[in-house]
Amino acid sequence: MNLKPKKRVSSPISTGSDWTYELVDQYYKVIEEIANDFGLDTYPNQLEIISAEQMLDAYASVGMPIGYNHWSFGKHFIKNEQSYRRGRMGLAYEIVINSSPCIAYLMEENNMMMQALVIAHACFGHNSFFKGNYLFKTWTDAEAIIDYLIFSKNYIAECEQLYGIDEVESVLDSCHALMNFGVDRYKRPYPISMREEKRRQKEREEYLQSQVNELWNTIPNKSSNDEDKNQPRFPSEPQENILYFIEKNAPMMPVWQREIVRIVRKTGQYFYPQRQTQVMNEGWATFWHYTILNELYDRGYTTDGFMIEFLQSHTNVVTQPEFDSPYFNGINPYALGFNMMTDIRRICENPTPEDKRWFPEIAGSPWQETLTFAMQNFKDESFIAQYLSPKLIREFKLFSIKDDEKEKKLEVTAIHNDSGYQEIRQNLSEQYNMSISEPNIEIYEVNLSGDRSLTLHHTQTNNINLADTASEVVKHLHQLWGFPVKLMSIDDKGKQSETASSPAKDKTKI
Amino acid sequence: MQIIDRRLNQKNKSTVNRQRFIRRYRSQIKKAIADRISQRSVTDIDKSESISIPSKDISEPTFRHGSGGKKQRVYPGNKEFSTGDKIDRPPPQRGGNGRKASDNGEGDDEFSFQISSEEYMDILFEDLELPNLKRNKLKKLVNYKTIRSGFNTDGNPSNIDIIRSLKGSMARRIAIQLPLKRKLKKLQAELALVDKEKDPQHELELVETIEAIKKRIKRIPYIDTFDLRYKNFTKLPQPTTNAVMFCLMDVSGSMDQQTKEMAKRFYILLYLFLKRSYKDVEVVYIRHHTQAKEVDENEFFYSQETGGTIVSSALKLMQEIVQARYNPTDWNIYAAQASDGDNWNDDSNYCHKLLDTNLLPLVRHYTYVEITDREPQNLWHEYQRLADVHQNFAMQKITQQNDIYPVFREFFKKQSIINQLSPRAKG
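Which chain is which? The protein sequence lines are L and X, in order. Under this note's numbering, the first sequence has 127 at position 127, and the numbering climbs by one with no breaks. Under this note's numbering, the second sequence has 239 at position 239, and the numbering climbs by one with no breaks.
Do not rely on the hints blindly, as some may be mistaken.
What the hints assert, rightly or not - Calculated pairs, DSS-like style, for lysine-lysine (alpha carbon to alpha carbon, straight line, at most 30 Å):
#, chain 1, residue 1, chain 2, residue 2
1, X, Lys218, X, Lys183
2, L, Lys402, L, Lys475
3, X, Lys86, L, Lys391
4, L, Lys391, X, Lys71
5, L, Lys402, X, Lys70
To be verified - What follows is a set of in silico ranges between Cβ atoms, one per label pair, in the way DEER data are often shown:
#, chain 1, residue 1, chain 2, residue 2, range
6, L, Gly164, X, Thr329, 30 to 36 Å
7, L, Ser313, X, Glu261, 50 to 56 Å
8, L, Asn294, X, Ser52, 44 to 50 Å
9, L, Thr319, X, Val16, 35 to 41 Å
Stated by the list, open to error - Partial selection, computed: residues in chain L whose CB lies under 8 Å from chain X:
#, residue
10, Lys131
11, Glu160
12, Ala177
13, Phe234
14, Thr413
15, Ser419
16, Thr469
17, Ala470
18, Val473
Worth flagging that the hints you see were computed from the coordinates, not collected in a lab. Idealized CB from N, CA, C, for every residue including glycine.
Bound conformation, chain X alone (with noise of 0.2 Å):
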């Protein structure tokens, strides 16, 4: 006998199978969470999801008996029946009684699970792509980081590395002194033998010799510019992970709390997309009627004000706001404007043009999102020619809660297959 402890092998081994399922089912799951997505809660949007599909979709069929026909059957537990009892059938429901009529049958319509956030998220974002990847990977913001790596001959005398270079002069000392001083001793030995009196004329020579010999020891340089070692750095280009997603909100007496909380759906979205990308995703709320002011969440989604609209005021707080604290060199900005559509008409000029100059050239993406169901105004047309002529801005019109997240994905369809076909089209 061997006792093995398996606890430390992987584990799950299931998951390759888990992933299969999901895999098989994504279309179902995807629908499953489309229609859950409008009744979700805001605030747990982040969370772990459980899902249902139809279990007829997920049934593996085997040939089987039906119902009916002459069945006999054993039961234990006889209490009152005795030989030639007639019953009534049970109900075919389910539970009590009725479970013995359909042993066969599986009850449960719906097969339900948990997927997790992670996986919620991928499917929920699936074909989904940050806006503008493409050309971010070009020009993205990159800063860098200097690290060490390795040494260098050559340098800065501050990047000296004393340690190293001491011990090339070192080497090269030994190394370039070792024949010399070997050359010494015998000439040194040959000297002790000779005698003085006899040959002064060789001694004289080889005490010279010796002297030269010592004078050349003497030479060697005890550091040289061969020796120097220096150390070396090199910029690792870092990416920045920094992401500032600002809110715009009309706040005036015409949005109606249920616009709002629809607007908020909308932001979360957009915040769990960028969060996915980014390290860091912070939010900065602006809400406005005639002025705007930068509060915090609560306030910006459930704080009433009175009055009228002027959306040039949002716009110009949030390029302040740019300009203080997001430097867009290091911070990839987005932005998504909720809005009913009301503006003082003089206004709705005035925002294209701040947009068109100011803003949308330091944005990654815009997005604005009109929520109503009456017509197009102002504000909208005059936006409308700026998404002609920006590709990082996009607009759409919400009219009730489940309209948001199809408006989503087009907002941010595959920008990859639109940038690869508009130059094609355009040559």
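Next up, chain L with everything else stripped away, as it sits in the complex (with noise of 0.2 Å):
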């Protein structure tokens, strides 16, 4: 460890439990130094004091500071406020803001503890992992975004103003429901920032026309004049972003329409390393601001009071309730993370000799860097498939179940004992692989010569249908698209149905 020698100040920071903007500041800066010390890197921080109000509202908009206007945020506005007045929903301690500055929302109404709680876990634990994971430095630019969204918001408003409320609101509903489709997998994007937006937006106008129009140009051609047939398929290979696709090659989209696209997608995409971290973003900062608290309590800067509030606070987060209990809702990512970080610097410092067997490159190794490079280089996936410990599923009692549509009972496959552990670190880390849990589409074909149709192909895996839902995306497509929309499943053994299209065929010949 490179902790400097413990000095212990002779008395607490604060003794009651409100907060002022002193105390805040005192704590902040002992917190600063303390995750100094640990090596924490972080981008710089800003607190900002709200309401519960203001909460619910920062709720709505995904935590966005700023955000363009639709209904869908209302909505979540109602529901969350609605849950909240009727106490069914306790809010967040905290929103933090992948930005820089990285914002961080302290709650006015919580008590000094709550808001160094909130400083460890946001301005230093998340801090720190979005400057530091991979996908976060690849996906997203700090530095860019609030800027980006500032340019969505006055774009989107100003097309209302053009346009029309409506006609945005239209185009944007159908963004929405391909959002999660608007990211490439594969491929790196380019980071995004308004003045980089704004610069080559009036280029982009004029030359995506003109682009569209090649592609779709009704002139024959000499050489291909007569063999159609041998056309090469266009796109040459299935496009998995069908946001983009859209944006590019929607035939009669007018470029307002494609800008909006592009916004929507470029949103979905800041939040994409969100989804696919969330194990490791939340257990990352739990593991912190429990390490950092310990450590302020350590060097007397806090009280007995203060620490025992603590440590209620933070076992409700880190409670995994079991499967039967009532208040089951899948696998707390808080706990799992939390515990799995925790695992990683024990394996680290007091290995046994199972961790040597399963373990043998971290086992001894030194706990800050391990699980520095843990939080660098991993996502939710790939880390459990890592460093989830045989220790951890006993303490869990984790359980995998097969649920196959084709029997009548479900079967347990694997529980935590020997022969289990590799199964059910397997199946938990494919639970987090956004490639199974969602399914996977990909745009097939562009029907050029004839009715300008899109195909799309749903590969399924286990037989694992596409929700009813489809149905109403495929007709957002259609929207957008333009002209007929398809939508196939190809199942296990490669055969093709089609599941959607729009228009909807006339069912009356059948």
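Work from the hints to combine the two standalone chains into their complex.
In structure tokens form, the structure reads like this:
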């Protein structure tokens, strides 16, 4: 450990439960000092004091400080407000925004302990994760996000002025339906920024339309005039980024709509790393608030009462209800993440023979380096596949269930014993694999010479069908594309069947 | 690190989005409100309302995995299972174990939320406008309030503003005296230098001129009409915000409690409606059987009387009250009459006459609702003749509670449209 010898201060920073600016400032300073001692690398911080109502506001816009207007945000706001008022939902203690400076919200209702907890959790936990994790590094640009949000809000407001709220709303609806299909999973994107966007927007407007016209040129090409059948398929390879494809290739789409598609796509891209690192991100932040606050106590900055209160909140956060509990709602990312992070530290510091067998490369290594390496280079799926230890599987009493539609009963395929560890680890990891948890849908073909119809392929895994909502989404897609859209499903054996199409086929003939 | 206090910033950043939501689902919300008004207790009609709309209408579709197929999931908290155990599928309902079978599905069938009483009223009274609003704008009752508005050079002596006038006088005097005084000073200085012995002639001249100037200075009036400033007053038109609503109801034996409840709802709707346009709305309750009486609300709705029915008694009483207390030039008068259609046969004709000549010219709007499922009787026919002639008279029949709202809408359908159309139709 690189920690300086522990110095104890004579008196704690505060004894009461109320917070003041001075206290927040003092706590921040010592927490920062401890975080530096632990070597956490962060963006600068900005703390914002907000009220509960404002927290609800922030919820509605998914934590974005500025967002364009859309009814769906209103719906979420109403929903949250409703459950909050009825006492069904407590508010999150914190919301933190992946930007530079990193903005963390402190609720005025929280007491001093809570504020310190949030500072440690958000300003140093999440913040260092945003700065260090490879997904965030490649997919988001913390410096530019706020600018981009302002740009998109203004652009959409402008469109509403020009084309009417309803018109813009329906484009946004359609884009939102496809928001999760707006990223290239295997290609790395350019980070987004407002300056860049503004500069390029004008060029793009002109360029885009000419591109599209090129593609849809109706004047027959001399060479391919009589060999339609040999015309290469377009796109030449299936495209997973549906929104991108629409933006670039939709035949009749006005330029402003392309721009909106782009905005939604870019916003979706911003959230993409968050969806893939929930366990790690929360686990990392929770691990650090726990470690930092304990250090705070060891150095004498806090009272016993503070710690008892802290431990109570902390325990609530990292509780994992069992599968048959009424509170069970899937695996709690805080619990899993925190325990895995703590477990890695344990394996480094006090490895058992079992750990040495399972994790020969990290058992006994310096824990801070090992943990930072894990934080920087993994996402949930690979993190679990790499680091979930048999000890944790035993502690969580994990078991794996096979649910096959064709069988009458569910089957327990693995439990927390020697023969089950590998499988459970594998299965849990796959649960966080986006290419498995989300259906695999790609743009397969556009009928260039005929009716311009668009064909999508859904490649099934394990014979899992698409939910009924698919036909609605296809309608939205049709609206964007402007010409018929067809969604084909391909099952495990390679058999194709039509899942949905828009406009709907006339069924009276059948 | 910096701390920013955002609490003072505008709250309700989501208000726009909330309004967008309501805007989008207006038709559903309207339907929900229409469904509720018939069930709603009259006393809390002014409160916020909880609205439910089917959540499938507001869902945001995405591509998701459906049910079926082969799935493998990991759960925490194993107790008695060992590898290879077969377990029954949990029943697919919500709650308990069932949850895990559908962790993707959304359980709620209804999306319910609160709308404020403001929003409730807005939607309830959407498309409705005050009766005769267009024409009211022209001949709306106007009182004048006198307010100060600057100063004037002309006016009534009692409005003279002394300070301003005296300031003016002083300024004028200074302005006129100054060149004379300057001259005087010069001459006096000259006089002091003149050798009296040598040049008496010149001295005399000087003394004379000085005297003349002094006289001129003296002649400058202390105050002149030019100085006078009068406080200026203008009359500011103040549209009357007073309205009175007359509730007339038959309480004879033939009106049962249920019918009265129905009438009550109608009155409350009307009251709320007026309340939105007028600051103060007074309500006068007149109930009648063979005799009419002004009563309080409780007695109006809940006391039972027996006997025959003479409608004109109520109309006469209303006219008296208007004369005594509600001068039609100061008050916007509305009236709503509810009855089951029974009336003393000879009386109906008299009612027609009373309304036609005495009452309808005084009121902004008069509505008549007949709550019955029988054939219309004499009174109805007589009133029908009124409806043909008077634009501010409307009548409808209500048979059940759900009718009230549509009928109410019918009454106060945007009159402007009708007003715009009718002259053209005639011309």
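Verification of the hints:
1. Proximity of Lys218 (chain X) to Lys183 (chain X) is assessed by CA-CA distance (about 15 Å); at most 30 Å being required, the pair is judged to hold.
2. For a cut-off of 30 Å, the pair hint linking Lys402 (chain L) to Lys475 (chain L) is broken: about 34 Å separates their Cα positions.
3. Pair hint Lys86 (chain X) plus Lys391 (chain L) holds up; C-alpha atoms about 26 Å apart against a cutoff of 30 Å.
4. Restraint check: the Cα-Cα separation between Lys391 (chain L) and Lys71 (chain X) comes to about 25 Å, which is no more than 30 Å; the hinted pair holds.
5. Restraint check: the Cα-Cα separation between Lys402 (chain L) and Lys70 (chain X) comes to about 7 Å, which is no more than 30 Å; the hinted pair holds.
6. Between Gly164 (chain L) and Thr329 (chain X) the CB atoms are about 46 Å apart, so this pair departs from the stated range of 30 to 36 Å.
7. With their beta carbons about 53 Å apart, Ser313 (chain L) and Glu261 (chain X) fall inside the hinted range of 50 to 56 Å.
8. Roughly 48 Å separates the CB atoms of Asn294 (chain L) and Ser52 (chain X), a value that falls within the hinted 44 to 50 Å.
9. For the pair Thr319 (chain L) and Val16 (chain X), the beta carbons lie near 37 Å from each other, so the given range of 35 to 41 Å is met.
10. Of the supplied interface hints, the one on Lys131 (chain L) is violated, with its beta-carbon coming no nearer than about 15 Å to a beta-carbon of chain X, more than 8 Å.
11. The closest approach between the C-beta of Glu160 (chain L) and any C-beta of chain X is roughly 10 Å, which is over the 8 Å cut-off, so the hint fails.
12. Against a cut-off of 8 Å between C-beta atoms, the interface hint on Ala177 (chain L) holds, since the closest Cβ of chain X lies about 5 Å away.
13. For Phe234 (chain L), the interface hint is violated, the least distance from its beta-carbon to any beta-carbon of chain X being 22 Å, above 8 Å.
14. Interface restraint check for Thr413 (chain L): the shortest CB-CB distance to chain X comes to about 7 Å, inside 8 Å, so the restraint holds.
15. A distance limit of 8 Å between C-beta atoms decides the matter here; for Ser419 (chain L) the minimum to chain X is near 7 Å, and the interface restraint holds.
16. With its C-beta approaching chain X no nearer than about 4 Å, Thr469 (chain L) sits inside the 8 Å limit, and its interface hint holds.
17. The interface hint given for Ala470 (chain L) holds, since its Cβ lies 6 Å from the closest Cβ of chain X, which is under the 8 Å cut-off.
18. Satisfaction of the interface hint for Val473 (chain L) is found here, the shortest Cβ-Cβ separation to chain X being roughly 5 Å, below the 8 Å cut-off.
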